[in-house]
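Participant: Listed in order, the protein sequences are those of chains A and B.
All residue numbers for the first sequence refer to the numbering used here, where the first residue is 61 and numbers rise by one.
All residue numbers for the second sequence refer to the numbering used here, where the first residue is 2 and numbers rise by one.
A couple of the hints might just be wrong.
[Claimed, not checked] Simulated restraints, written as ranges between beta carbons of each label pair:
| no. | chain 1 | residue 1 | chain 2 | residue 2 | range |
| --- | --- | --- | --- | --- | --- |
| 1 | A | Arg315 | B | Tyr94 | 35 to 43 Å |
| 2 | B | Ser90 | A | Glu273 | 44 to 52 Å |
| 3 | B | Lys371 | A | Arg155 | 55 to 63 Å |
| 4 | B | Ser127 | A | Pro121 | 29 to 37 Å |
| 5 | B | Arg158 | A | Thr74 | 19 to 27 Å |
| 6 | B | Glu227 | A | Gln87 | 38 to 46 Å |
| 7 | A | Pro160 | B | Ala327 | 49 to 57 Å |
| 8 | B | Ala327 | A | Ile272 | 37 to 45 Å |
| 9 | A | Tyr161 | B | Arg158 | 45 to 53 Å |
| 10 | B | Ala327 | A | Val225 | 53 to 61 Å |
| 11 | B | Glu220 | A | Lys368 | 57 to 65 Å |
| 12 | B | Pro115 | A | Lys357 | 47 to 55 Å |
| 13 | B | Tyr94 | A | Gln229 | 31 to 39 Å |
| 14 | B | Glu226 | A | Arg315 | 47 to 55 Å |
Source of the hints: derived by calculation from the structure; they are not laboratory data.
Beta carbons are placed, not taken as given, at the ideal position from N, Cα and C, and that holds for glycine.
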Amino acid sequence: MTENLNVFAVRTLTQKEYFAPGHRSCQGCAEALAVRLVAKALGRNVIIANATGCMEIVSSPFPYTSWKVPWFHVAFENTAAVASGIESALKVLMRKGRIPYKKIVTLAMGGDGGTADIGLQALSGALERGHNFIYICTDNEAYMNTGIQRSSSTPFGASTTTSPVGKVQMGQMTWKKNMPAIAAAHNIPYVATACPSYPIDLVQKVKKAANIEGPAYVHILSVCPTGWRSAPELSIKLGRLAVETGVFPLYEVERGQYRLSIDFPKLKPIKEYTKLQGRFRHLTDEMIEEIEKRIHKEYEQLRVKAGKGV
Amino acid sequence: MGKRIGMEVSIAAAEAVKQANVDVISAYPITPQTHIVEHLSELVANGELDAEFFCVESEHSALSVCLGAAATGARTFTCTSSQGLVLMSEITYIASGLRLPMLMIISNRTISAPLSIWNDHSDVMSIRDCGWIQFFVENGQEVYDHVFVSYRLAEDRNVLFPVIINMDGFILSHVIEPIELIEQEKINQFLPPYQPLYQLHPDHPVTMGAFALPSIFAEAKKAQEEALLSSIPKITETWKAFGDMTGRYYNPVEIYKAEDADTLLVTMGCFGETASVAVDKMREGGKSVGLVKIRLWRPFPFDDLKKATIDAKQLVVIDRAISVGACGPVAAEVKAALYGKDQRPSVYNFVAGISGRDVTSSDFIKMVDKAEREMEEGNKEGYEIYGVRG
Numbered sequence: 061m062t063e064n065l066n067v068f069a070v071r072t073l074t075q076k077e078y079f080a081p082g083h084r085s086c087q088g089c090a091e092a093l094a095v096r097l098v099a100k101a102l103g104r105n106v107i108i109a110n111a112t113g114c115m116e117i118v119s120s121p122f123p124y125t126s127w128k129v130p131w132f133h134v135a136f137e138n139t140a141a142v143a144s145g146i147e148s149a150l151k152v153l154m155r156k157g158r159i160p161y162k163k164i165v166t167l168a169m170g171g172d173g174g175t176a177d178i179g180l181q182a183l184s185g186a187l188e189r190g191h192n193f194i195y196i197c198t199d200n201e202a203y204m205n206t207g208i209q210r211s212s213s214t215p216f217g218a219s220t221t222t223s224p225v226g227k228v229q230m231g232q233m234t235w236k237k238n239m240p241a242i243a244a245a246h247n248i249p250y251v252a253t254a255c256p257s258y259p260i261d262l263v264q265k266v267k268k269a270a271n272i273e274g275p276a277y278v279h280i281l282s283v284c285p286t287g288w289r290s291a292p293e294l295s296i297k298l299g300r301l302a303v304e305t306g307v308f309p310l311y312e313v314e315r316g317q318y319r320l321s322i323d324f325p326k327l328k329p330i331k332e333y334t335k336l337q338g339r340f341r342h343l344t345d346e347m348i349e350e351i352e353k354r355i356h357k358e359y360e361q362l363r364v365k366a367g368k369g370v
Numbered sequence: 002m003g004k005r006i007g008m009e010v011s012i013a014a015a016e017a018v019k020q021a022n023v024d025v026i027s028a029y030p031i032t033p034q035t036h037i038v039e040h041l042s043e044l045v046a047n048g049e050l051d052a053e054f055f056c057v058e059s060e061h062s063a064l065s066v067c068l069g070a071a072a073t074g075a076r077t078f079t080c081t082s083s084q085g086l087v088l089m090s091e092i093t094y095i096a097s098g099l100r101l102p103m104l105m106i107i108s109n110r111t112i113s114a115p116l117s118i119w120n121d122h123s124d125v126m127s128i129r130d131c132g133w134i135q136f137f138v139e140n141g142q143e144v145y146d147h148v149f150v151s152y153r154l155a156e157d158r159n160v161l162f163p164v165i166i167n168m169d170g171f172i173l174s175h176v177i178e179p180i181e182l183i184e185q186e187k188i189n190q191f192l193p194p195y196q197p198l199y200q201l202h203p204d205h206p207v208t209m210g211a212f213a214l215p216s217i218f219a220e221a222k223k224a225q226e227e228a229l230l231s232s233i234p235k236i237t238e239t240w241k242a243f244g245d246m247t248g249r250y251y252n253p254v255e256i257y258k259a260e261d262a263d264t265l266l267v268t269m270g271c272f273g274e275t276a277s278v279a280v281d282k283m284r285e286g287g288k289s290v291g292l293v294k295i296r297l298w299r300p301f302p303f304d305d306l307k308k309a310t311i312d313a314k315q316l317v318v319i320d321r322a323i324s325v326g327a328c329g330p331v332a333a334e335v336k337a338a339l340y341g342k343d344q345r346p347s348v349y350n351f352v353a354g355i356s357g358r359d360v361t362s363s364d365f366i367k368m369v370d371k372a373e374r375e376m377e378e379g380n381k382e383g384y385e386i387y388g389v390r391g
């Protein structure tokens, strides 16, 4: 159903850009596309706190900026805390009548390293405190900005500059940290996964997150041709394949209720996804089988949570 | 005259923060912490202070919250010390680089290892170069007064820097002192609500915290350095306005019986009060001794310090921190202030009272005696850790 909507509903998106063109992201950067869609979804009444990372670097080389909305960068690991400060300030300044009352969304944004690794503590604190804000993790599955170093969000088997393929090691030897599950474990009102290959689904989820009172977490898979060693023109296709193979299922957790945004009773073979990426080039058939087994198991567990499993 | 009542200095600090009508308060809840946040949380819980108060999961986040709130246009406050300050140190540099006004009170305590919770200045010395305006105070009244001075100064559009008030942990933060409270109407006049020059708001979008390439970074840092240095006249102006309101006047460098003295003790923080007792005793014994107290630590008042000390024969500088591998950080600054003068006093440096070890008035007398003896023996410049076994 989501796929059908994609064909027609794209025209319902605003033509206004809040994340301006001319930024310095790589060709085929799906993260920049994700951020552009997030900005469209939220409109002008937003304040963004951005962690250090790709999106910060490509969008704010002084004296230039790509941001048509208020935007704030402080550091790498503290974006959720910075957003807590913004949200609290808005609340108290409106209460005291120092700024007029209106709905302003506080958005915190970080990459997978800034979220799942170094920013996890600040994020957990902000989710637990219940600030009314959205946290968006744009996950390109490694520290891409600094030269493709592994993070805890890098998938098993992927080759990075700090999880290289050698004689005794075949790339990343740990499994991807499940950030949406960690966010959901905080019992916050809304958690979702999204991918810019499904733009309408992404926009709807971000809008939903903005309208929910309390913390919302949206985890967006962002294909990175530079780091994944894939062709820039394949970014949208790779995003779709990530979803269709079960590598990155699209789902929501609304007040504890799981719902699959798009369900595949039969998943595509994972090889269709891995073969297009240089970071997986070294994988043996046995390794691919091992990955597939785990992906399928996790997908089934998710289906059960969403009330669709056996 | 306002009411003069006995209260714990931390409570007085919290009362001042309340009177400053702060908007957002964020702090880590436990040690290294003081009663400041406990009392502030009570004031908020009782509705006596309309502010967003929350305890965060680390000092790093505490200061990060303040940055977010200050950038949005709120008057913000945090406090910490010791390990907590070291943990948040990364963000202290960013706060000043972004020119965000805010106040932090540090109840100075030592840094591990060995683990120790007691008083000295090693915590703030670890962020000496973070670009905040930094005061050292001597007593509870000065802590209370400087809350208002600090906010007015920080938010002045010709200043726009975060401010640190350093008060000695336990020795000052946990003692009960008589405090003269200022009437709220006077505070409101002295410190009107914060009017930010720029703030994060959709009606006038700004980008804050852009990154700088090498072609512009040095210019940005020069602008920051010049702004901090040129804040000194604003600082003295603010003290003057505060003095006109309360009768309590402050200076970057305070002197006590110093004008005609051959030997000058140089102290920072609450050492000053004890040292003044020692000076009185030594004066009674016929010694030509005086006292110079550094109140403004950053920007460092080189000219005032030079003026206050240049005519003496010897300075006995007492540090409450060690720059391991060098000497006391205050002594290093004092020497720099005097460098290049044909006629200048010699400088003898003691590190004393680290990790809360008591330093009494008789210790100051002993230090002066030792320094004078060393000078007679031809050792004009010296450095030692005072009163240590082994």
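Participant: Kindly indicate which numbered hints from before are broken by the structure, ordering the numbers from low to high.
Facilitator: As far as the earlier hints go, 2, 5, 8, 9, 10 are violated by this structure, in ascending order.
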